[in-house]
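Engineer: Residue numbers (full-length UniProt numbering), protein chains in the order written: chain A, 1 to 479; chain B, 1 to 1032.
Be aware that a few hints might be false.
[Stated by the list, open to error] Calculated pairs, DSS-like style, for lysine-lysine (alpha carbon to alpha carbon, straight line, at most 25 Å): (1) A:LYS396 x B:LYS316; (2) A:LYS137 x B:LYS253; (3) B:LYS316 x A:LYS137; (4) A:LYS137 x B:LYS374; (5) B:LYS499 x B:LYS475; (6) A:LYS415 x A:LYS120; (7) A:LYS244 x B:LYS981; (8) B:LYS253 x B:LYS205; (9) A:LYS93 x A:LYS137; (10) A:LYS137 x B:LYS354; (11) A:LYS86 x B:LYS316; (12) B:LYS608 x B:LYS253; (13) B:LYS158 x B:LYS142; (14) A:LYS86 x A:LYS396; (15) B:LYS316 x A:LYS93.
[What the hints assert, rightly or not] DEER-style ranges, computed between Cβ atoms: (16) B:ASP182 x A:GLU232: 39 to 47 Å; (17) B:GLY448 x A:GLY111: 53 to 61 Å; (18) A:ASP84 x B:GLU896: 39 to 47 Å; (19) A:GLU232 x B:ASP271: 51 to 59 Å; (20) B:GLU896 x A:TYR458: 34 to 42 Å.
Hint data in this document are derived by calculation from the structure and do not stem from the laboratory. Yeah, the Cβ is synthetic: ideal placement off N, Cα and C, and Gly gets one too.
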Amino acid sequence: MSTNPNEPSRREFLRQAGGGLGSFALAAMLAEEANAGSSESGTHHLAKAKRVIQIFCPGGMSQVDTFDYKPELAKRNGTTFDPDGKLQFFASKPGNCQGSHWKFRQHGESGLWISDLFPKLAGCVDDMAFIYSMHSKSALHGPACFMMNTGFTLPGFPCMGSWVTYGLGSEADDLPAFVVLPDPRGLPPGGIINWGAGFLPAQHQATTLDANNRQQPIADLFPAAGIEEVTETSEQAGLDFLGKLNRLHQTSRAGNSELEARIKAYEMAARLQLSAPEATDLGQESKATQELYGLQHPEAGPFARQCLLARRLVQRGVRFVQIYCGAENTTAKKIRPNWDSHEDLPRDHGYWGSVLDNGAAALLTDLKQQGMLEETLVICTTEFGRQPAAQGAAAKGRDHNAGAFTAWLAGGGIKGGVGYGATDELGFQSVVNPTYSYDLHATALHLLGIDHQRLTFYHNGIERRLTDVHGHLIREILA
Amino acid sequence: MDVNATSRLCRSTFRVDRITCCALFCLVFVGASWVSAEQKVDFAKQVAPIFQQHCIRCHSDDDRQGELSLASVDDLNENEFVIPGQPDASYLLEVIMAQEGEPPAMPQEAERLKDAEVQTIRRWIQQGAAWPAEVRIKQASKADASWWAYQPLQVFPKPHSIDEFISAKHQKHDLRFAQRADRRTLIRRLSFDLHGLPPTPEQIKRFVSDPDPNAYQKLVDRMLDSPRYGERFAQHWLDLAHYGDTHGFERDKRRDNAWRYRDYVIQAFNDDKPYSRFLQEQIAGDVLWPNDPQAVIATGFLAAGPWDFVGQVETKSPALRRAARSLDLDDMATQVMTASMAMTVNCARCHDHKLDPITQREYYQLRAVFAGIKRTDRVVSEQALQDYQDQKETLRMQRNALDAAAAQLTGRSIDLADVVGGGNGFGTGMFRQAIDPRNAKVQTRDFGNLGNVIVNRFSRSDHPLVDGVFIADGKAGQAEVPISSTEVTVSGLPTTSGKAWDMIRNGPVASQHSTTIDGIDFTGPGHHLIGLHANAGITFDLSAAREVLLSKQVTQRADDEATAGDQSLAGELRFTAKLGYFGASGSNVADAWVFLDGKRVAEFRKLKRDDGLQAIDVNIPTKSKFLTLLATDGGNGYGMDQIGFGDPQLRLSKLPRPSQETQRRVAKLKQRRDRVEQQLLELGPTPEFYGVASTEKGAERSVPEVRLLSRGNPESPSGHALEPGSFAALSMLQPQLGTLQSNQGERRVALANWITHRDNPLTKRVIVNRLWQWHFGTGLVSTPSDFGYGGARPSHPQLLDWLAGELVANQGSLKAMHRLIVNSRTYQQVSVIHRVDTPSSERTNPARVDADNRLLWRQNPRRVEAEVIRDSVLHVSGKLNMQQGGPGFEDFTYQEAYAPIYTYVTADSKPLWRRSIYRYRVRTTPDRFLTTLDCPDPANMTPQRLTTTTPLQSLALYNNELMLRQARYFAQRVSEEAGAKPSDQVQRAFQLALGRAAEMEELQWAVSLVQQQGLFVLCRSLFNANEFVYVD
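The shape of chain A in the complex, shown without the other chains (with noise of 0.2 Å):
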């Protein structure tokens, strides 16, 4: 329920701004805009999925402690790990082989093995398709959140929330096409430039959603607080007047569109500020599904929020949400404020991944409920893995591994209950089937309806892609 008791008026006056213009086709000038930016009308082939919702865990999810079952390190607990003494990890030396933190068990008719660490998860197993043998190029934080956001480990390239938008233009009539919901605590490494639309035109740049602000989800939605002079009917006269002197001063500049589409924009602008809110009210949504989020749970809660919110946003045609679970720059300090375990693996992933358990299960069994599953591509990732030695003096860290990680996907075209590349027997290097971001980044792409070798852009001296000039479609995890 809103909390606001002058909303209702405020949107009903903005509804009549909005109604009292008239002519004005937004959904043509929407397929419009779409299209603006891309060299083709539609997609490349038949779409599978129309939307993707992303949860990208920063920091560097351990591999073995989740979903990589590997019961040869288990075996070889507390044994040396690299007898050579050669190997340098990003912040230590090896220490001793260790297993997982968490039992492995086999669930679902697939039996595909999930860690103790995601109870709920597990429950969903038969729906996921996992992609074991993920490396990156960078085991740093920076570079690699960025490798998996854009392709690249330098920052200023688009990210995959961007070039979809870029490719498929919005379905929303009224909501942005790409919306980010960064983690409550703070950033992830790297920052904003992390859900950059980088040389793409601006358009393409996301939208970050606050739903915990019902006073402006989005940035700027409505007037700041504090300006006495604006007044509901102020608003209004404004904007009538701000309308009549642009079409006065375009009438001498007949064949400028650009004058006519920053006329639009406003006239946009004014259905957001009545669809974000309705968007982001959580409160609108039945007891069973806030319960089988856990909305109000003092940990899990804000991350469970944002799943829910993802799903009421591409429920109304965003194209493209992306969920943060963990932040980096962050003062909270009780842990780690993101996933990378350096001195207490069983304290940082035992938080977080159940935050994610609670949200990602939940997510996937409402989308899945709504009958949205089918239609949307859900993507799970994080920029690397972990080391299956230990770090530390008490050994209960994991240092850096950009060598192998797990990503897993479900829904929109994905074969559930499967398994993809594998690690070698201590989950150290991915050796079959190694895949990087740009595998991935095809396969997403794919499912959308877009082939990744044409959805270009010239910048500086090339045509740029989101796979830069590799990727390969995973055939083994479509359905």
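Please build the complex by placing chain B on the supplied structure of chain A, with the hints as guidance.
Structural biologist: Just chain B, lined up with the frame of chain A:
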């Protein structure tokens, strides 16, 4: 991570597929078998060209479609597509031959092989398929050295003009110049173009009513002479340099000295520095003109881009460091070559450039130019630093002398920090002079972790006001810690590490994290600090202090009024200070203690930075002899435990009131002090900048070797060490830039000279094209940083070359080029699209003939950039702060953390109302307001701004707090300047925002709006008007 190992694994997995596939083809193959003994086939001359022409584009070392490469004999051996001596069993032959009416399977994306070519390959296989190891087949680039951009500039014997070239093209397409824009339009266009700001109504009036026929030329001259010009054009250049004020990447640390390069660029444009010199300074100014501070600072160009602290410094993994360093060098090389010559050299990092004649080897030779430098903070010069320090010290001494004189008259308080610095308590001490806690010796240099520490030993000091010093370890309360020369001891102190760092200082200790808490910088004017790192303690002699304070000179001036109150309290003192933990935020804590004669009078346990300042105010009875200050480490190690006592003062509890004469003299001293303080302020920060320095250290005098990296992989160097070099495609120049023995400075000088060589046509073409773009929105070459095959072709090649020639003729003066361009008829055309009055054919409607206006039959209307919108809003509201230069303004709060947190605030104070060029650019957390308005990410080199139109932009301009507050200031300004009459207010508001009067209809609407809703609403709407952000 071993990238190679994984790649190999990757290949072997795919091999399975290929063999299966091969077998399948063999089954269906029915081939003719004939052999002829003919002359020996020369592989290099006869076969290799066929592979190169038909196969290599898809089957090269770096593409490997179908997991097949045909680049070297190793590839041939690996893939087994050829069986020497057995053409009919060789799969290669099968796929290139037509099979039973079907076209050949290969090539798929190139012309099929001629029969003769197939026969040549057959014979080659028959003869044993010899492939000399040294023959490697590479894809030929699309363009070669004959590409237009690499050719010498065309020479024009006769004088020409811009309009001539434009007109010639017009005629070919039946186009004409549009009419000249009116003066109001022209001054607005020029003002946004050259200054990035709208003209004031007064400037417009002056120009529009100027009877001089040369008024326009005069206006151009005035504008180019204004410092606003450099501020405007510097942004264009900083876009190319992808300049930022933080490092970027994960840690995104501050780069507080970067601004000097930004100021350099502004000044270079304002001074009209010849373009060659401008480039030379930025590439090698520190080597070429080491005594010219500006030339040295210019090398900030090479360091302007992002830099990965974690990858280059923090990680312990050498492989990760090599990877980060490789990207670092790529960034420098790419920036220099794209900015100056629009060559996309970075495309040759993993393989030869596929479009342009740039080999991978040449790319790495270019990297060898930069291999000996690294990005770093550095002093402008030792001399500049010395001058600065001398000047600062002189001013400080003047200030201290004035303080001491004032204290003699009124102060009656002893500054204990000054005492620690060896002074008399009234400003005669030296800043950062210190007392050694181990032995009470005076020290001036910095120390780190102290050796030879003996805890709980008291050392007497020679200073009359200091009794002595010690290093404490309470040993769980058991130790009797001596704190005075009279053997007073303290017990009950906690156990410490028994270690100590640096000295007890007048000012911060060595490597102190910060000198600021709660917004007070204790090294700033009027503030003092005792830096006391755990576990040091110091005891002051109160009897001596009392004596000084009570002495005749200080208290009993003949003209003072008698001390009020009880004479028996005359010896009572007060100690005041502001205590803080000056180390970094986080889990670090320390304890601080104050004792009187060994009696605890104040204690602060587990003090953290986040606790802020603690006020200390201790009353000292007449009989007390010793005041002791102590810091202990809080039991969690002594690292970062930088306790500081800010503004520590001892004074008499009761003070006499000064006479009028004393007050007059004090006021005079204060005036003089303020002047000195102002001079200190103007001196600014230390002459340091963020630039590049040699990686050479100690005996290692040579530049690190650079080898070609296979596929760009830093773990796969191949071949021998490469000499520094550039690109042979520019055949009029020598590509050699030195030898393996050349030092890093010589290499950069050679590159600077190569780029700015008088025969280098590309550098000149590129800059005149950029200038053209900055005036017309699109360059003659529409891809300003790519003059290669992948870029656009010039719309007016002759004009481009002529302009390049004019740049040379004008000794590289960019201002001369601006004059040439903006004084042209082409530039001064109207931008509105022609109305075609009579029904016309396709040919005569210019909007149909040339919809993109590449032939310039009118000027291009343009939306102004994000920064220009912000600056214009401030300018129109009357709030723009024109302060030039210096450290950037920070419209965010900064919070120290592993990855610092930058939180934006609404700019609502004068220091934050400076021009956007002076903002502090944070890479990971860009200013959302500007980003929404298309301000690019400084991770990218941005040769051309993109313009989008989005609903989020409307929301930002309509609702953002900055906009609303500025609309309010705008309204206040209008009512002040135009009085109370709504029609006057409307006209003034239109003049200020749009540079014109409101027309009749607009006036009616606006007056009614103002009357009903107030002036604010009008002002807010004007800031959002299309006309406000679009320039005709």
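Engineer: Compare the structure with each hint and give your call.
Structural biologist: Against the structure, the hints come out as follows:
1. A:LYS396 x B:LYS316: holds (20 Å)
2. A:LYS137 x B:LYS253: holds (23 Å)
3. B:LYS316 x A:LYS137: holds (17 Å)
4. A:LYS137 x B:LYS374: holds (23 Å)
5. B:LYS499 x B:LYS475: Cα-Cα ~13 Å, so holds.
6. A:LYS415 x A:LYS120: holds (20 Å)
7. A:LYS244 x B:LYS981: This hinted pair holds, its Cα atoms lying about 23 Å apart.
8. B:LYS253 x B:LYS205: violated (48 Å)
9. A:LYS93 x A:LYS137: Holds, at roughly 20 Å.
10. A:LYS137 x B:LYS354: Measuring from Cα to Cα gives roughly 24 Å; hence the hint holds.
11. A:LYS86 x B:LYS316: With a Cα-Cα distance of about 13 Å, the restraint between LYS86 of chain A and LYS316 of chain B holds, given a limit of 25 Å.
12. B:LYS608 x B:LYS253: The hint holds at about 22 Å.
13. B:LYS158 x B:LYS142: violated (35 Å)
14. A:LYS86 x A:LYS396: holds (22 Å)
15. B:LYS316 x A:LYS93: With a Cα-Cα distance of about 9 Å, the restraint between LYS316 of chain B and LYS93 of chain A holds, given a limit of 25 Å.
16. B:ASP182 x A:GLU232: 39 to 47 Å: holds (41 Å)
17. B:GLY448 x A:GLY111: 53 to 61 Å: holds (60 Å)
18. A:ASP84 x B:GLU896: 39 to 47 Å: At 40 Å between Cβs, range holds.
19. A:GLU232 x B:ASP271: 51 to 59 Å: holds (53 Å)
20. B:GLU896 x A:TYR458: 34 to 42 Å: holds (41 Å)
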